[in-house]
Amino acid sequence: MNHVHSEVLEQLGLGILIIDAGLIVRYANPFIADNSSSRPLEGKSLFDLFPELPQDWLRKRVASVLMLDNTTYTNWHQRPRLFNFPSSRPVTGSARLMYQSCSLFKVTTEAAEELVCITVYDSTPTAVTQQKLQSSLKRLDRERAHQAELNRKLEATQSQLVQSEKLAGVGQLAAGVAHEINNPVCFIKSNVECLRDYIGKMEQLIERYGQLLDRHLPESEAEARRQLVQSLDIDFIRAELPEIMEETEEGIERIEGIVGSLKDFARVDSGQWQYADLNEGVRSTLKVVHHELKYVVDAVEQDLAELPPVFCLPAQLNQVFMNLLVNAAHAIERHGHVKVTSRCLPEQGRVVLTFADNGCGIEHDKLDRIFDPFFTTKEVGKGTGLGLSVSYGIIQTHAGHISVDSAPGQGSCFRIELPIEGPAAVRHTS
Amino acid sequence: MSSLYEREVLRRDALQEVLNISMGQAADTLACLIDERVHLSIPRLHDVEASRLEAFGSSLIRKPCGMLTRQSFGGFFRGEVLACFERGSKPVLLAPGLGFPVAAVERNPSELILELTNLLASACLKGVAEQLACALRFGPPSVLATASTVTDFLGRQSLIWHKALFLEISFSVDSLSLVIDLLICVPEQESRALWQGVDRMLGQEDV
Amino acid sequence: MQIPVTVCDDSMLSRKNLIKALPPGWLADITECKNGLEALEACRAGRAEVLFLDLTMPIMDGLEVLERLRGEDLNTVVIVVSADFQPEVQQRVQSLGALTFIRKPITAEQLAEALRLAGLL
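Heads up: the protein sequence lines correspond to chains E, D and C, in order.
Just so we're aligned, residue 0 is where the first sequence starts under numbering that gives the first Met the number 0, counting upward by one.
Just so we're aligned, residue 0 is where the second sequence starts under numbering that gives the first Met the number 0, counting upward by one.
Just so we're aligned, residue 0 is where the third sequence starts under numbering that gives the first Met the number 0, counting upward by one.
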């Protein structure tokens, strides 16, 4: 069988190298020998034949294996190769040098000499496959992260779209309703004015009749008169009338206010586009709303940085400023603080304005509904719930962004971002 | 004739003593290479059921979490050695003694850890084989996980065995704050051969 | 005249092997212990003129027994019988006053040699 064993070693697809304790080669099978130019290898120093070998480390491994009579291993994963053998696939392969997994163990000759056998296994297929797998996994990971980002953007866009749709639907409704209500409101108002006038005249008459009756009515009729006045409760009616008229007129004013807001809401995209100084807009709006704010703040704190002229619909932006300032005032119960800031972000081509108060704040579950039309946190009868949704629509028209940061008891801060060059600039860059 | 229970106790005592002696040889191997005193644990035998790994986990003397390696053995009986190098320990301190360059080990300690696994596992099992007068052969070691406990790792696999014998042994080098925990794992169908070897050894001792 | 001998090892098999390997005809009154604490008690009770001592044991190991024995003036010859034979351990055992060290697995010859060294054979 010895001859057969030798044949096997010669044909083996595995490198077999036998060295002695002095690291001189005793035998090398063709797998090994074919990779060296100085043949035969027998009798030569291992490190002379293969200078790429890590000498100190290998000497230690040889000594260890001789002393302990065990096997020691190397793996391509930790140590890609011991020998710089060329790859067995020089045409179709992707690696130039062979990846190797090796082992060392003691063999004893018949003459009781202790030698070390080194086996060299070609791990290139495994190594290359593993590496391809790793890079595929990395690529998949990157794609997954990219997908997650796209999803996030999609969700954000979707919620904006929903908001816009709500606005569009309500806008049409609002326009129609406003128109319908406006007509009867007009003639109610003029009728009430009439009534006021007529009631005034009839009051004059009754007053005059009373004076005349006081002077000329015979005593026999006086009692009948008194009874009539009492049964008709005239004194009470005359006292009440002014108040009734006033309340009616107030009511009509309120209706007119609501119709006006509805019309504004529906008319959000009309007006003249132009460059304007937003800080000036803030200041003039502050003057207008002064009467609303003066009861709850000493003065509105202003921290306005220099802003470039912004391409916008100034009247509409002022409406937004007014809305936010009035909301801030209403959120403060007795006394508090309102602050307006403005900043320019030139690298992003935007300006940022914030409106902050230390009022009652907005509850977490209401935060994503505050821009909805007809949503209000105020009691029934106060506030129409249209202000913020109108403001949202106006900011949308400007291709800007409005958001709020708030917590109950801690106040709110509304933040508006607007592109300096207007919506057209944003569409070109996105 | 001693009862079945007494025979079982004797068998387990014998295997524990076989392990003790093997550990002594493995410790001497390491101690000579690194020139430091190596401490041996008292070996513990565990009968493990794959469906009740948590119970096994709590019965372990030490439950380290760290790099897990494995090495196969075969011949008279077959199994795998699982080794854990506890996180926080510094096997790099053994690098000079074993001829590994310190800088390379600090970058990636895997190769050193695999060689330590190989040294201890093969020395222990060779000792067992000698005492049971049988032959065992080994495969190359490999890394299983970089930060895990043995029970967590096994819990994540779909195991192909139901019952196995796990032999728990530990080596520590106090001066270097290093503990290496080994589990010699022999699945049930293979442990019969192991126990036969123990019985044969006891038979020769003529108890 | 029977010599009081204590064999201390947590392995029952190991104790039996040692007892069987004692020279035939060597008369001994044998006490078996399975940890260091029991061995100390046996020494103090005068049952250990010779103590065969394992090192790796639970509760109290062999090295601690040697340390404790050094403090007490007992007439005990300690022969360490252990699987742990690394150089540093052997040095430590000798420096703690053990007479000699026998490496496991033991042979009858080694045992006889140790007893001769102790002057008991």
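Each hint should be verified, as a subset may be incorrect.
Restricting the straight-line Cα-Cα distance to at most 30 Å, the calculated cross-link-like pairs of lysine-lysine (DSSO-like) are [as the list claims (entries may be wrong)]: (1) E:Lys59 x D:Lys162; (2) D:Lys62 x C:Lys33; (3) E:Lys377 x E:Lys152; (4) E:Lys200 x E:Lys188; (5) E:Lys105 x E:Lys131; (6) C:Lys33 x C:Lys15.
Since the hints were derived computationally from the structure, they do not count as laboratory data.
Cross-check of the supplied hints:
no. : hint                : result
1   : E:Lys59 x D:Lys162  : violated (40 Å)
2   : D:Lys62 x C:Lys33   : holds (27 Å)
3   : E:Lys377 x E:Lys152 : violated (33 Å)
4   : E:Lys200 x E:Lys188 : holds (18 Å)
5   : E:Lys105 x E:Lys131 : violated (36 Å)
6   : C:Lys33 x C:Lys15   : holds (12 Å)
Comparing the model with each numbered hint stated earlier shows that hints 1, 3 and 5 do not hold.
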